[in-house]
Amino acid sequence: MAEFWHLGFMQRALIAGALIAVACSLLGVFLVLRRLSLIGEGLAHFAFGTIGLGLLLNIYPFPLTLVLVVIASWGILYLMDKTNVYADAAIGLVSALGVALGVILASKGRGFNVDLFSYLFGDILAVTPGEAWIAGGLSLAVTATVALFYHDLLAVTFDEEFARTQGLSVRRLNQFLVTLTALTIALGIRVVGTLLVASLMIFPAVTALQLARGFKAVLLAAAGTALVSVAAGILLSYVLDLPAGASIVLANFVLFLGAASWRLIARR
Amino acid sequence: MSVRLDNLVVQYGSVSVLDHVNLEIPTGAYVGIVGPNGSGKTTLIKAILGLTPKTSGRIELLGRPLEQFDQWQRVGYLPQFMPLARQGFPIRVREVVAMGRLANRPFPRRLRPPDRTAVADILRELKISDWQHQEFGSLSGGQRQRVLLARALVSHPDLLILDEPTAALDPETRIVFYRILEDLNRRLGTTILLITHESGTIGQFAQRLLYLDRKVIFYGGFKDFCLSREMTNYFGDFAQHIICHQHQEGQGS
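So the protein sequences, as listed, match chains H and C.
Letter by letter, the first sequence follows residues 1365 to 1632 of this note's numbering.
Letter by letter, the second sequence follows residues 4 to 256 of this note's numbering.
Pulled out of the complex, with its shape left as it was, chain H reads as follows:
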């Protein structure tokens, strides 16, 4: 057990995982409360296609994914704002497009199928020092955004129409929120893969909503849940020789189960 904490790749996995999980959890609270939980899922699926494109072009897919996923997030927002497409349908369209793109590219590029499918499940233990730094920067950016725009984001999340009568630029705030979400998703793929990254947004938020009262308390509880789940998940994967990403998601599920049970008991 002791050597667990001294392995360089483990330290990087823990640090990068914790930082990305905190960013995911903070954004997740706003997304869950705005009924946009599945935007993470949709963008992650879209990322699958962009990774396929990167591999087909024989380039490191991460920067391309980062740019294309941000553009896709704006596309979802555009569909929601400017057309009569509902949010869940807009997310579904972009999600399906990404998966279709990924499947077509996989059928064309015979050599890289193994690489492409490795992105489905991620590999937190293979995080490079550079990626850990990017995760740190992103986590800082998300935390600073939430702190600086706390009242704006709260007002828009609670009552978008009223926020507009306060002179808040709801469109810009929404664009800012989905852009950060897209960047976080693109980075989170390295941790748990495209199939599971959205769970890092949803689980800590819904767990925190079971536990805490007041908006600030929910944000803190979500960040705390995310940190605990990453540490527990990586430890679990080390001890039981399980895939790290899936173990983090399972740890999140256990925490949610505990929180939901506690709430049910407390209500009686």
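Check before you lean on any hint, since a few could be wrong.
Derived DSSO-like pairs: lysine-lysine, alpha-carbon spacing no greater than 30 Å straight-line [claimed, not checked]:
#1 C/130 - H/1580
#2 C/218 - C/57
#3 H/1446 - C/57
#4 C/130 - H/1446
Please keep in mind that the hints were generated in silico from the structure rather than gathered at the bench.
Chain C: place on chain H using the hints.
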């Protein structure tokens, strides 16, 4: 002038919801807006607030064209529905009310001691201080409406716009609610624009009546409305009778 509309047209696709509406609402007026379902009442106030885009015409708010208006702290708004006012939204009453102090704050918006004092004052004034630490979603419909009224009033607006504010209230609370508005209008000179389906009650409180049916059918004092032969012809006695009956009773008491 609090609100001035010149030839306001609002269309949803090819459907005309407001058809060349001209209106002047002077400062300090208390106007009750009535009309059948789909008559454009909510669209009218949303257009005034810039929430619904106009198709053509001109909107002036507190003396400035809407496009240039930026003094949103002078306008209070109480919406018809609260789509997210469900159980479980983790926000306390005090935080909801404090949202009414966000307008015209420099970045990053922070609540300062005067804002906290204003929130405490309005909670006390509306006799809801006891709820300030409670979660908004745990309150009843009527309690929520009072909290949202506090949010609309906390910046001491010159113009207060309310969209069916009493729909979720019991008759007693409804009267208390109207008394609060009447007091604000008389004591502070707040201009009030109130949409209501309670056409039988509004005459007891508001000074002016706006009857809307995609265009302005009537705008003026209740006495003129009740004596208007044109309105009798328009309504065939019915709506005019409902509005005027309670108004005259209110005047008599």
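Hint check:
The straight-line distance between the Cα atoms of residue 130 of chain C and residue 1580 of chain H is roughly 26 Å, inside the 30 Å bound, and the hint therefore holds. With a C-alpha separation of about 14 Å, the suggested pairing of residue 218 of chain C with residue 57 of chain C holds against the 30 Å cut-off. In summary, the hint linking residue 1446 of chain H to residue 57 of chain C is supported, as the alpha carbons are separated by about 16 Å, within the 30 Å threshold. Distance check on the hinted pair: residue 130 of chain C and residue 1446 of chain H sit about 43 Å apart at the alpha-carbon level, beyond 30 Å; violated.
The structure does not agree with numbered hint 4 stated previously, though it agrees with all others.
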